[in-house]
Structures are given as C-alpha cells and as structure tokens.
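Asks: Sequences are here, hints too, so could you generate the full structure?
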Amino acid sequence: MSQVKVVTDSTSDIAPETVSELGIVVVPLNIHFGDETLLDGVEITNQEFYERLVASRQMPTTSQPNPEAFRAAFEKAVEEGAEGVVCVSVSSKLSGTYNSAMLGAREIAGVDVRVVDSRSASMALGWAAIAAAEAARDGADIDEVERVARDTAARSRLCFFADTLEYLQRNGRIGRAQSLVGSVLQVKPLLVLDDGEVVAYQRTRTRAKAIQALINWCVQLREPERMSVVWNANEDELKRLMDGLAPVFPRDQIVVSTYGPVIGVHIGPGSLGVLAVEGSRGSG
Amino acid sequence: MQTQNSDQVAVRVQILIEVVAAAAAWLERNRTRINQLNVFPVPDGDTGDNMVLTMKGAVDQMKRAQPRTVSELCDALMEGSLNGSRGNSGVILSQMISGFASKLRDAHSVATDTLATAFEEAARVGYAAHSEPVEGTMMTVARDMAEEARRRADAGDSITKMLAAVLAEARLSVVRTQSLLPRLQQAGVVDAGGEGLAVLFDGIVRRLRGEVVEDEPLAEQEADFDALDLSEEDVFGYCTNFILRGEDLDVPAFKERVLALGKSALVVGNPRLIKVHVHTEQPGEILSHALSLGTLHQLKLDNMDDQYSEARQARQESRIVETVETALLVISQGRGFEQIFERDAKAHVVSGGQSSNPSTGDLIAAINACPAENVILITNNPNVIMAAERAAAESSKQVRVLPTKTGPVGVVASLAYDPSVGLDENYSAMSEAVEGVRGIEIAPAVRDATVEEVSVRKGEYLVIVDDHVVAADQSLAAALVAGIGAAGANEYELLTLYVGADASTSDVDGAVEAVSESRYELTVEVHQGGQPHYPIVASLE
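One line per chain: the protein sequences are A and B, in this order. The first sequence begins at 171 in my numbering and counts up one residue at a time. The second sequence begins at 76 in my numbering and counts up one residue at a time.
Accuracy of the hints is not assured; some may be wrong.
Label-pair ranges, simulated between beta-carbon atoms [said to hold, decoys possible]:
no. : chain 1 : residue 1 : chain 2 : residue 2 : range
1   : B       : 233       : A       : 250       : 51 to 61 Å
2   : B       : 591       : A       : 204       : 34 to 44 Å
3   : A       : 412       : B       : 592       : 28 to 38 Å
4   : A       : 281       : B       : 233       : 41 to 51 Å
5   : B       : 592       : A       : 386       : 35 to 45 Å
6   : A       : 203       : B       : 507       : 35 to 45 Å
7   : B       : 375       : A       : 407       : 54 to 64 Å
8   : B       : 356       : A       : 279       : 53 to 63 Å
9   : A       : 386       : B       : 138       : 53 to 63 Å
10  : B       : 182       : A       : 212       : 34 to 44 Å
11  : B       : 143       : A       : 279       : 25 to 35 Å
12  : B       : 86        : A       : 209       : 34 to 44 Å
13  : B       : 138       : A       : 204       : 20 to 30 Å
14  : A       : 218       : B       : 230       : 52 to 62 Å
By construction, these hints were calculated from the structure, which means they are not laboratory data. By construction, the Cβ of each residue, glycine as well, lies at the ideal position given by its N, Cα and C atoms.
Replies: Take a look at the structure:
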C-alpha cells in the first residue's frame with residue numbers, strides 16, 4: 171500500500187481501469203441540466219451525457235466540485251492509509267476546481283496535502299495524475315510524487331479542433347483564441363492549450379484539413395513519451411487520425427478515449443484532439 | 076443575568092429564517108440579470124445560478140434542521156451553504172455566510188457591534204477563500220460593507236440605520252468595481268458576484284422593513300438598478316461621488332435637487348450623512364448646493380467622456396495585432412470580398428481585377444504603404460500576376476507573390492495568414508492551404524463561341540474551373556452543378572459561393588438548391604462577393 175495517494179478531478183478523462191489499478195481518487199465536477207445537478211462520471215456516464223445533450227433543448231452547464239468534496243476525498247485517502255496526498259487539478263484558468271481543492275486542503279488536518287495546478291485539461295492532466303500515481307506506487311515520497319506531477323504537467327501538450335467555436339465561446343473558455351470569433355467565413359479552428367489557456371493555433375476550413383493539421387502538430391512534438399487521442403466525432407475521422415499518427419507514435423501505445431461530459435459541454439460535439447507528454451531531455 | 080424566554084427565542088429564530096429565505100428569494104428574482112453581468116474570472120454567465128443554488132442549499136438545510144436556537148440555525152446555514160456551494164462566486168458566498176454565522180451563533184443578543192464583527196468576519200473569510208484575491212469583486216464589496224458596518228456601530232447608530240447604510244455602501248461598492256477592474260469597464264458591466272452580494276443583502280433589508288419578498292423573476296426592463304445604468308447613451312459629463320455631512324439634512328429634498336441636475340443618481344443617507352453618486356454635466360451646481368448644507372468628504376470627480384473614450388480606445392487597441400512581422404496585401408474586386416479580406420484576414424486591399432487591372436506603380440505604392448517590411452501579395456486574377464511580380468521585384472521590401480487566379484481561392488489562402496510570423500513561413504502555410512482547392516467561376520457569354528472545345532451561345536453561362544472552360548448551360552443552377560462535377564466534387568466537403576454584384580437572388584437561390592439536391596454531399600456556404608460580371612464565383616475545399 172502506497173503512502174502517497176493521488177487525487178484528481180473528473181476532467182482528467184482517465185479510463186476507469188487505470189483509475190482503479192493505480193488507486194487514483196477522482197473528484198467529480200458537477201453537470202447541471204437546469205436545476206438538476208449530476209456528478210460527472212458518477213451519476214452520469216459519457217454515453218448517457220451525450221445522449222442527453224442531443225435530446226435536451228437546454229444547454230447544460232458545469233461547475234467545480236465544492237471544497238467539501240475535496241476535503242472528503244482527502245479524508246478518504248487518509249482512511250485508506252495515505253500519509254500524504256498529491257492533488258492534480260484542471261487548469262485554474264479554465265475552472266475554479268483548483269481553488270476548491272486548495273480550500274478543501276485547508277479544512278483537513280494531520281495530513282500533508284499538495285495541490286498542483288496542471289495548467290492543462292483532459293488526458294494531458296490525466297497523464298500528470300497517472301505519472302504521479304505510478305511514482306507513488308513505486309514507493310516515491312510525497313516530494314517526489316509532487317515533483318513528478320508538476321514535471322509531467324509542464325511537459326504535457328494538447329491540441330484539438332472544434333467543429334465550431336460556439337461552445338467554447340458560450341462557456342467563456344476561449345482565452346486568447348478570441349481573435350477567431352466573429353469571422354464571416356466558417357472555420358474549423360485548431361486550438362492548443364498554452365499555459366493553461368485556449369489559444370488559436372491554426373485556422374482550417376474543413377474537417378479533413380483540420381485532421382491533417384492535427385497530424386502535422388504531432389509531427390513537431392519533441393520526443394513524445396505518452397500520447398492519447400480524445401474524440402467525440404465520427405469513427406471514420408478517428409481512424410483517419412490514427413492512421414496519420416502511425417509514423418509518429420506506436421499505435422498500440424496511444425490511449426484512445428472519449429471526451430468526458432464536462433469537457434464535452436465546453437467543446438461541443440464533433441471534436442478530435444491529441445494529448446501528449448513530451449520528452450524531458452533538455453527541458454531541465 | 077441573561078435569561079431567554081423560549082418563546083422569544085423561537086420568534087427570533089423564525090425571523091431569521093424568514094430573513095434568509097428573503098435573501099434567497101430576492102437573489103432568485105435577480106438571477107438572470109446577474110448571470111448577464113458575468114465577465115470575471117471567466118465569462119460563463121452563471122454567477123446568478125451559482126449564488127442562487129448556494130443560497131438554496133442554505134435555505135433547504137435550514138428548513139430540514141428545524142432549528143430551535145440561533146446557534147442551531149447558524150450551524151444549519153453554514154452546513155447548507157457549504158454543501159450547496161457552486162462555482163467561484165458560490166464558494167466565496169458560502170465562506171462569507173460561514174464567517175458571518177460563526178460570529179452570530181454564540182451571541183446572546185444581536186447588537187450593532189456583534190453585527191459589525193460578523194460583517195468583518197464574513198469579509199475576512201471571503202478574502203481567505205480565494206488563493207489570489209482580486210480587487211473589484213465580491214470580496215471588495217464585502218470588505219466595504221464590513222467597514223461601513225463598523226463605522227455605524229462605532230457611531231452608535233441603530234440596527235435599522237446601520238443596515239440601510241451598509242446596503243447603500245454595498246451598492247456604491249458594486250459601482251466602483253468597474254473602476255477597479257478594467258475588464259469590467261471594457262465590458263460595460265459591474266462585477267456579478269459583488270452585485271449578487273448587494274442583491275442578497277437588499278433582500279434582507281427589504282424583509283426587515285416588512286416587505287414581502289417573492290422570488291418571481293423581475294421583468295427584463297425593470298431589472299436594472301438606476302445606479303448601475305452605465306449604458307453607452309448614458310455615459311456623459313462627470314461621475315460625481317461624495318459624502319455630505321451636516322445637521323438635520325433633508326434627504327428627500329436634497330435627493331430631488333440632485334436628480335434634477337443629473338442622471339443615474341444614487342442618493343442615500345440620514346439627517347447627518349448623505350452619500351451621493353450621480354452622473355451630471357453640472358457637478359459645480361450640485362457641489363455648491365451641498366456645500367451650503369454641510370461639509371463634503373471623499374469627493375471624487377471623473378470625466379466620463381474620458382473614461383468612455385479610454386475604455387473604447389482600450390477595446391480597439393486590444394483588437395489590433397501587437398506586432399506585424401508580415402503584412403498581407405490582396406488584389407480584390409467587389410465590396411464583399413474586400414470586407415472578408417479585411418475583417419477575417421486583416422489584409423490590406425488594392426481594388427482591381429477583371430477589366431480593371433492595377434498598374435505596377437499602383438501595386439508598388441500599395442506595398443510601400445503596408446505596415447511591415449515583409450509583404451505577401453495575393454493576386455486573385457491571372458491577368459494581374461505579372462504586374463504583381465514586377466512590383467515585387469521593384470519594391471524595396473521583401474515581397475512574395477501568391478498567384479491565386481480567383482478570389483475564392485485567395486480567401487482560403489488568406490485564412491492561413493499569420494501576421495506574427497515571417498515571410499517564408501507565411502508563404503508556405505498559405506501555399507499549403509490552397510493546395511488542391513478548386514476555383515470555379517460562372518459568367519454569361521457575351522457572344523457565341525467555342526472555347527477549349529466547349530460551344531457556348533450568347534447569354535448562356537460559361538463554367539470556368541481553375542482558368543479552364545469546362546461547360547456551358549442555359550441555367551445558372553445547371554452550370555454550377557456541372558462546374559462542381561467537373562471540379563471533382565466527390566473529393567471535397569465544402570463549397571463556398573460568392574454572389575456577384577448584379578446576380579439575381581432567385582437565380583442564386585435556385586443554384587444553391589440545385590447543389591443540395593445533387594448527388595454531391597457538400598456543405599454550402601454563401602457570402603456576398605459583390606464581384607462584377609460573374610453572378611457566382613466559388614471554391615471547393
């Protein structure tokens with residue numbers, strides 16, 4: 171039993187098998203359909219969410235877990251024998267989750283809780299939590315687990331395209347990609363997460379070109395160590411992307427997952443993204 | 076010795092329950108308006124929802140717990156609001172409620188001093204709730220409220236007076252959030268969380284005054300506070316803020332005088348102190364009238380014309396790209412195309428094209444006028460390519476010509492332009508963007524002819540794909556479908572049509588319909604191109 175537990179939030183999109191294998195504690199964000207509140211991944215699955223998103227006339231919204239949810243998660247980790255907790259959260263520029271985790275940590279005594287702002291989201295955050303949990307499993311102390319989380323988060327890269335900017339814009343997560351808004355012509359914007367913020371990377375006009383641009387983005391990555399593809403588009407497009415990535419990264423090592431509901435609310439349907447952890451060589 | 080009759084306690088608890096419910100109801104009533112204010116920290120427009128749901132948590136817990144004492148009530152409030160808290164604003168609100176309740180719960184009686192302490196604790200805990208507190212948010216409003224409460228308590232005011240003054244201060248503080256946070260000023264709103272806090276407290280004061288507070292939402296038009304009405308039309312003259320101190324001040328009479336001289340007036344106070352916030356073109360008259368009644372304090376005058384134009388300038392500047400490493404110059408024909416190039420690609424446009432070719436000299440002048448040493452020049456017409464290359468060679472700047480033959484293909488190229496990178500990087504990104512993109516032009520023939528083995532009669536539509544005549548037809552719709560077929564539409568996903576200056580709307584509608592009924596699965600986008608001669612030009616991507 172490891173002495174250090176890793177806690178993350180549900181925007182990390184980590185597969186349930188990996189969560190249980192590494193003993194990661196996932197604190198759910200909230201999804202609101204009107205006044206009805208559902209815990210992300212607990213009270214609603216990805217599939218149920220997307221079905222409801224299509225069926226519902228009302229746009230769902232999301233909110234951060236409250237501090238109490240984090241405090242309870244930290245307490246649970248302690249009850250399971252942890253002497254220290256490293257909590258990796260979604261970018262503080264996209265959500266107040268980090269702040270809630272900080273408040274939750276303040277409410278608990280007798281255990282060392284370190285909260286790390288990943289400045290990232292989805293599996294880019296997920297990889298930081300996974301790397302930290304692997305270090306903890308291998309017996310690393312809390313300082314080392316925290317260092318691994320911060321280091322992996324700093325090396326993570328995320329690039330995606332949305333079918334439309336509408337969702338990001340409506341939910342205020344558009345960051346410095348704001349310049350793309352208001353154009354006369356339709357664009358399939360290719361976006362990257364830069365220091366926790368959504369930034370425009372390239373303007374493409376068609377989905378086919380956007381997929382090609384995504385592949386080109388992967389080619390310029392520096393020695394990727396881990397890679398995952400997230401999607402909520404159609405399977406043909408997923409296959410086209412995977413085929414294009416074959417020369418870049420071993421296909422059987424690419425983790426494929428669908429965007430969780432919280433990310434789905436902000437990104438809208440019809441999106442493909444690649445998340446990678448670059449090599450550490452020369453970055454120190 | 077403190078003895079408390081249990082009936083008295085029950086009454087007090089009942090009043091407090093009603094007060095909290097009133098706060099929640101008033102917040103609910105203003106929920107939509109508060110949602111619309113939200114621009115900080117992220118404009119997700121749900122501050123009202125978050126605060127309402129947090130209060131709902133508090134109210135529900137309070138009703139479930141059926142408290143019999145004030146301390147039981149406070150415990151329920153703390154627990155309910157914490158568990159119900161949502162979003163940044165909700166979390167901070169719940170912390171403030173906890174702070175407030177923690178000071179109230181053990182008090183034997185509610186005196187102004189206890190209340191001031193509770194306000195102070197609410198503000199303190201609110202600040203501590205955020206890892207990076209920002210001024211100009213609900214935390215600032217809470218602190219201003221606490222300071223006012225303390226001043227009132229120290230001055231020996233009654234609870235009623237104190238609460239009225241705290242509410243007035245809350246409203247003023249909300250207005251001031253604009254000057255503390257440039258983003259709010261730019262967006263023309265006040266801080267939503269701060270406003271939510273003021274509204275919540277307004278609900279409390281209303282209930283204590285004996286009003287029935289219902290949660291029925293306000294109609295849109297009556298939802299605006301006078302004091303918050305900083306809409307563009309209203310921004311004029313001087314934003315005037317001061318405190319008037321005196322003896323036996325006649326508040327209603329003074330208020331009437333101020334209202335006559337300005338707009339957006341907020342005049343509140345008591346016979347010894349009046350707070351004034353007003354937008355006026357005659358601050359001198361208001362101030363001298365005030366001086367005849369007492370002394371002026373915390374006087375602040377801002378020229379709103381300056382504020383407004385500064386805010387507008389800041390907005391405009393934020394739109395301008397910081398550094399232009401490479402400029403984009405486009406030769407284009409038609410008002411619609413010109414707008415698309417200027418707006419979507421931030422390009423400079425030289426007018427010209429079919430039958431109005433710009434001269435080499437015109438182009439050199441346009442290149443020299445570009446705000447960068449590197450210039451990409453898009454031609455959009457085969458007839459101007461040579462003049463463009465001449466101009467590029469003659470100019471003292473670094474120029475590369477991207478020889479597109481049609482406007483629609485030029486648009487595709489321009490979308491790959493990035494002002495912040497160098498000449499070659501732009502040139503290759505833009506060349507790559509147009510690779511494989513087909514340009515289609517449709518124009519009526521002016522005489523009978525056979526061109527590239529296609530026979531056309533005068534008045535029929537000639538279809539040109541990438542500078543080659545491929546078909547002719549009597550109807551615009553059939554010509555378009557033939558054109559996209561010849562261009563290999565099966566391989567593409569997006570058809571962008573640009574409508575000419577003298578195209579007939581019904582013909583164009585018919586052509587769009589014909590494409591959607593054709594066997595090609597294309598997304599069709601239609602824009603006004605405004606080009607002469609050609610009723611339709613298009614790109615296939």
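Asks: Flag every earlier hint the structure violates by its number, smallest first.
Replies: Structure breaks no hint.
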